[in-house]
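Residue numbers (my numbering), protein chains in the order written: chain S, 1472 to 1682; chain U, 4 to 546.
Worth flagging that the hints you see were computed from the coordinates, not collected in a lab. Every residue, glycine too, gets a C-beta built ideally from N, C-alpha and C. There are no misleading hints in this set.
Short, incomplete list of chain U residues facing chain S, as computed with Cβ under 10 Å:
1) Gly-184
2) Thr-189
3) Thr-190
4) Val-224
5) Gly-226
6) Met-247
7) Gly-249
Distance condition first, Cα-Cα at most 20 Å in a straight line; then the derived SDA-like pairs of lysine to any residue:
8) S/Lys-1496 with U/Arg-195
9) S/Lys-1587 with U/Phe-238
10) S/Lys-1609 with U/Pro-245
11) S/Lys-1496 with U/Leu-123
12) S/Lys-1609 with U/Phe-238
13) U/Lys-203 with U/Glu-541
14) U/Lys-203 with U/Pro-534
15) S/Lys-1496 with U/Arg-122
16) S/Lys-1496 with U/Leu-126
17) S/Lys-1648 with U/Leu-123
18) S/Lys-1648 with U/Arg-122
19) S/Lys-1609 with U/Asp-250
20) S/Lys-1496 with U/His-192
Restraint ranges, calculated between C-beta atoms of paired labels, are given here:
21) U/Pro-69 with S/Pro-1676: 56 to 62 Å
22) U/Ala-485 with S/His-1602: 51 to 57 Å
23) S/Ala-1682 with U/Thr-133: 42 to 48 Å
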Amino acid sequence: MSDVAAEAGRAEHAHEEHRDYEGAKLGMWLFLLSECMLFGGLFVLYAMYRADHPRAFSAGGSHMDAILGVANTLVLLTGSFAVASSITALQRGRRKLAMGLVGTTILTGVAFMIVKAVEWSGHIRQGYFPHSHLLQGKPGEQLFFSLYYVMTGLHGLHVIAGIAVLTAALILMARGKVTQEHFVFLENAALYWHLVDIIWIFLLPLFYLAA
Amino acid sequence: MTTSEAPPRAGAASYLEDHGRFSGIFGWIFSTDHKRIGILYLVSTLFFFFVGMSLGFLMRLQMLSPHGELFKNADYYNALFTLHGVIMIFLFIIPAVPGSLGNFFMPIMIGAKDVAFPRLNLLSWWLYVTGAVIALASLFGSGLPDTGWTFYAPYSLRTHADIPMAVFGVFVLGFSSILTGINFITTMHRMRAPGMGWFKMPLFPWALYATSWVQVLATPVLGITMLLIFVERIFHVGIFNPAMGGDPLLYQHLFWMYSHPAVYIMILPAMGLISEMIPTFAHRTIFGYGAIVWSSMGIALLGSLVWAHHMFTSGLSDAAATVFSLLTFLVAVPSAIKVFNWTATLYKGSIALEPPMLYALSFIFLFSVGGLTGLILGALALNVMLHDTYFVVAHFHYVIFGGAAFAFFGALHYWLPKMFGRMYNRSAAYIGWALLFTGFNLLYFTMFVLGVMGMPRRYAFYLPRFQTPQVIATVGSWIMIAGILVVFTNLIVSVFKGEKAGDNPWGGVTLEWQIPSPPPTENFLEPPTIPEKAYDFEGAFAS
Ligand code: HEM
Ligand SMILES: [Cu+2]
Chain S
1472 MSDVAAEAGR AEHAHEEHRD YEGAKLGMWL FLLSECMLFG GLFVLYAMYR ADHPRAFSAG
1532 GSHMDAILGV ANTLVLLTGS FAVASSITAL QRGRRKLAMG LVGTTILTGV AFMIVKAVEW
1592 SGHIRQGYFP HSHLLQGKPG EQLFFSLYYV MTGLHGLHVI AGIAVLTAAL ILMARGKVTQ
1652 EHFVFLENAA LYWHLVDIIW IFLLPLFYLA A
Chain U
4 MTTSEAPPRA GAASYLEDHG RFSGIFGWIF STDHKRIGIL YLVSTLFFFF VGMSLGFLMR
64 LQMLSPHGEL FKNADYYNAL FTLHGVIMIF LFIIPAVPGS LGNFFMPIMI GAKDVAFPRL
124 NLLSWWLYVT GAVIALASLF GSGLPDTGWT FYAPYSLRTH ADIPMAVFGV FVLGFSSILT
184 GINFITTMHR MRAPGMGWFK MPLFPWALYA TSWVQVLATP VLGITMLLIF VERIFHVGIF
244 NPAMGGDPLL YQHLFWMYSH PAVYIMILPA MGLISEMIPT FAHRTIFGYG AIVWSSMGIA
304 LLGSLVWAHH MFTSGLSDAA ATVFSLLTFL VAVPSAIKVF NWTATLYKGS IALEPPMLYA
364 LSFIFLFSVG GLTGLILGAL ALNVMLHDTY FVVAHFHYVI FGGAAFAFFG ALHYWLPKMF
424 GRMYNRSAAY IGWALLFTGF NLLYFTMFVL GVMGMPRRYA FYLPRFQTPQ VIATVGSWIM
484 IAGILVVFTN LIVSVFKGEK AGDNPWGGVT LEWQIPSPPP TENFLEPPTI PEKAYDFEGA
544 FAS
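The shape of chain U in the complex, shown without the other chains (with noise of 0.2 Å):
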């Protein structure tokens, strides 16, 4: 299936010379064509990935000296982890994976040509784009954001920064991701190839399923949630204030039914890119197809029941946090069902250690450790102690750095060839991953440990007695800083300089490496071949 072949026709450019109707940059900010609208995601989550890598970069120099390295003001430190988290949350990790790769694949995959709503898809980038510059002009309002990713109330309704601002700009970024959703599940009910059954998806795509449902029933609560903290903070309702009867507590509970669904929205993509890179990798049919779509999908429902594992210290009535804890134990099961599912999949395969599967690898390793992790602070005696400590920071850096962001880069090195036609240096991208990881390990790692010294988070300043711990920890960060910054010049580099790359330099059996390599802007020029089942390796090799 080759391009020399096809006669020229509507839409048999590539998606990178195509610009439609309008050219330039407008060629790019107003296509409905989902790949282009994937690259504007991946163009944009990146540019803020670095943002809050910066800061976390500023955080790490800060606690070089108990006394603080950088600043004596403790309100630059709670501006810089504010800031990060909001960035790395809303304008990172939750909008990257569906937005960039989801956007630009899951079409492909199940041999669509494009989103069942492109122009909803166009608009969905544009509010992302709208959110983010409003929640980032709050930094220039009455004072700097001091109020954690989490804006609980009743501080948030008290300080001085501008949060009516910020809030809003989160609101406005939720409904991009309630549009995407919405779109997404559209599609993968109406836009699958004729053949294309839904147990012959790709699990790339069913992850995404599980995420959009997610996406369209929790993401409306935090709305709400931000809309009572703008109105609380502009018209002084009370809903949440104790001095006016409200109950902080609800806004925390309400804060959590989305916020735990959430990491979910930031896993459930990045275990769908394991389970593209896994097989390909292993030459090997995926190893429990069935089993990994239905773990997705229970954990889209369990994950929707644990929110209050992130109040045990709040007050809680026993009987409610007995009940949450239990739940918090029950989530890991689908989650181990998909580790298991992964390394069952190695067994026996004849596996290539590229780039790509080093991440996968990784992945499995870190998120593992994440999830164990996350068992330990859903226990709840341990929690009473581990709460709000560098040890939540860590696991939660494990998971969704760690797990998702590993994910989404390991992806990133799998489809650059598909998506841009051209190859990335592989020594450099084995020695950015090398860097990556053990630079991770020893930030991330030595943070379990400070935490269960006692170190608290959201500090500016510490004691003493923290301080070897957390130079080492610093230190790490530069490494992992490092690793990353030799991670995307080799794949910026190559966008533009790699080698020609082929259709399918991998062997990949799912329907994107049937396609050439960058894509046209129909996808399919004839209409695909579907294969009998998904990763059908055997039946690939057989022909």
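Okay, chain S solo, but in the shape it has when bound (with noise of 0.2 Å):
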């Protein structure tokens, strides 16, 4: 009998807090501060590393390849738009539309990595990694590209962290669990996808145009 009482407690419960919308957004900006902080302190580290060696660390930038960062920028910014404007789609009960635009940041996401992928494996071949020859002797530069690797590196992980995110959206979405009625997790979602994205368009200055 307590069983039962319990159980239905439960249901109740689980009922209650699903339904706060307010709640879910407030426990998401709170995540997203942390977050922010865990990045500061690798911007900190940045700040004083550069004021320490302007020269190697514009040195290190004439490295970068600026049109392959600046168009990795906008790769995302598409990616934001269509998950913010997916929002809307679901709002208006087109979840067809909706999952489709999620399914194009996913894409997004994708073709970041690549990119990226790309672009390290091209710093490598060319010697450009903690330790190597290349960098012997030059402390500045050897610090940008440690922090270059630290840096995109973590953001790295968060974009595949978003990936998996609004993967678990989109089989939400398809499932029903995610509706126009209940769609916090999506936008919960695409607040996280938002904040990989302001962190790189931070990161996009710090390195690629640092030359």
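Combine the two chains into a complex, taking the hints into account.
Structure (structure tokens):
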């Protein structure tokens, strides 16, 4: 008997908690804030080292392909635009369109990662990686590349996480769990994607336009 | 408001009986009930406290003689203090109060059914366990960990110990802590019962609110710092490695940007507990409710601006050192405000010296000693002399053990009857407290003296002239540990065999005392009556 009662209590519970739209949004914003602090530590390091080695950082920047950087920025922005539109589409009840738009965002994420991989392997082939021959005796450029790999690497992990979250949103939409009425999951996924986007917009000038 | 009147309905059974979907142990480790999760945290953090305590016991044994009573190889001592520090900080004191008592009581005290994200709450606990396992797995790696809990670069980049594993464990633990913070903030914003305004909230929830902000904002900085050590060890990127142009001092900056605020993650919830116990046992409204609330927020804010006081001897510029010293003095102000408010609450109160109250009063004393010696350390000239001596070790044990852990132990006595519906043995509680308090002061006060004499911390051996105080301190540790064993034997036995306690044994006026002991799954069978103001003893006695 107490089991049945508990079950009922729990069901009621789960119900209520799912309905708190404001709460879900607040939780997500707090999480994004903590993500900003995570990257904040790296930006502090970048600022300190760049102040110490201004020349070396600009030399490091000259090895970056600004075209690829800007292209990737456009790719991410397109994705952000698509996922933002998908929310509106879903709210207007156009589920198919919304799913297509989320799919587009996922594709832009994949494209971004491919470009990133091409870039990284290019740098490595040219001999720019931690401890490499070319960077021996050049502490400033060494630091520039280390920070480049760490910061874009961590950002890349976030892109992958974003793709995972968006895929989850897609599945939930297909299963009718994320709907015209209950769309907060999609909204939060989109918020996360915007964060990934914004961090990249800071990384772009710090590395690609540093020359 | 008794249970017998309430008709049987959903969630009316006690949370101890209502195991939910699963039974046995699974009914606990997969439960999303905040009270059950609180108990999970309670058991696991206390388990690690006992492990940490045993390591501390061994360290003190080693110190019985100048050449080392236990081992002649300093590596073992290095491993002991590293493990002791990591366990006590990351596995015990940071998660203990928010995880156990916070989870259990905060929702009840604001009139909520649960936290905002119950499943995330369970995930936090699982991440805690995962982080603990990973961190401890580093023991079985390439060598014993020997960096201290601070993992300072460049040594942590060089040592044979399995540092990547250890720091990854700490990273996961940090993630768990962040999720708890997010959950608590959202809960207090969204789940307060109708009529429970922000400024009617009891002070323990308020303290957790301030703490949660620190958890959300500061912990990621630790996360990235630990990740960098991880990356550094695996890929040798050189960001903190002076041989490659990196600056190890930046490691220290980042580390303390988290770890100083982290001391407020440890102490703020404890201060909240004191603010609960003092009014209840003085039978008097808390003095300066608003001042206590705002000083919590003030501590959280100012506490994030003082980190470099750990680095006065590291070659920091004089200007920076002066600013950080000044800010360190400022952060003492809000803490002192609280101490004055608690003392003022006692004035003309009708004080019942129950065991929880004894802990609360000891807290005020021990925390004041810890805080005032913190000011001594915050003064630049004295810091140069006392840096990395036993004085520092004594100072932080007075604050986190004499402060945070004493408040925690006191609150366990205060709320045990609510959590389990049973009362502990009072005489055993008094004896345990007396041993603990005496041993504590014998151990750590002597360490102040040793520090002033010049005994450095983290040394496995010492000069013969330190031996007498070292022996006194070790004897102190025995008395203290004896006390801890009495305290916890008493508490554990009473959970199973204690006398029935009744719903409100202390005459408390916060919401948790309106409901049955142990609480039903749903917490409130009827919507709670929200008092006119928090700690309204006059109102409570009038009715
Ligand atoms: C229970 C009995 C305890 C004993 C006997 C004890 C004893 C000690 C000793 C002997 C040291 C090392 C001193 C040195 O050579 O540097 C130490 C360090 C430390 N203790 Fe404790 N302690 C106890 C409880 C606690 C508690 C409750 C906490 C925190 C909640 C704590 C936190 C620490 C930390 C963070 C360190 C520094 C570790 C390092 O240097 O990396 N201890 N303790
Ligand atoms: Cu500090």
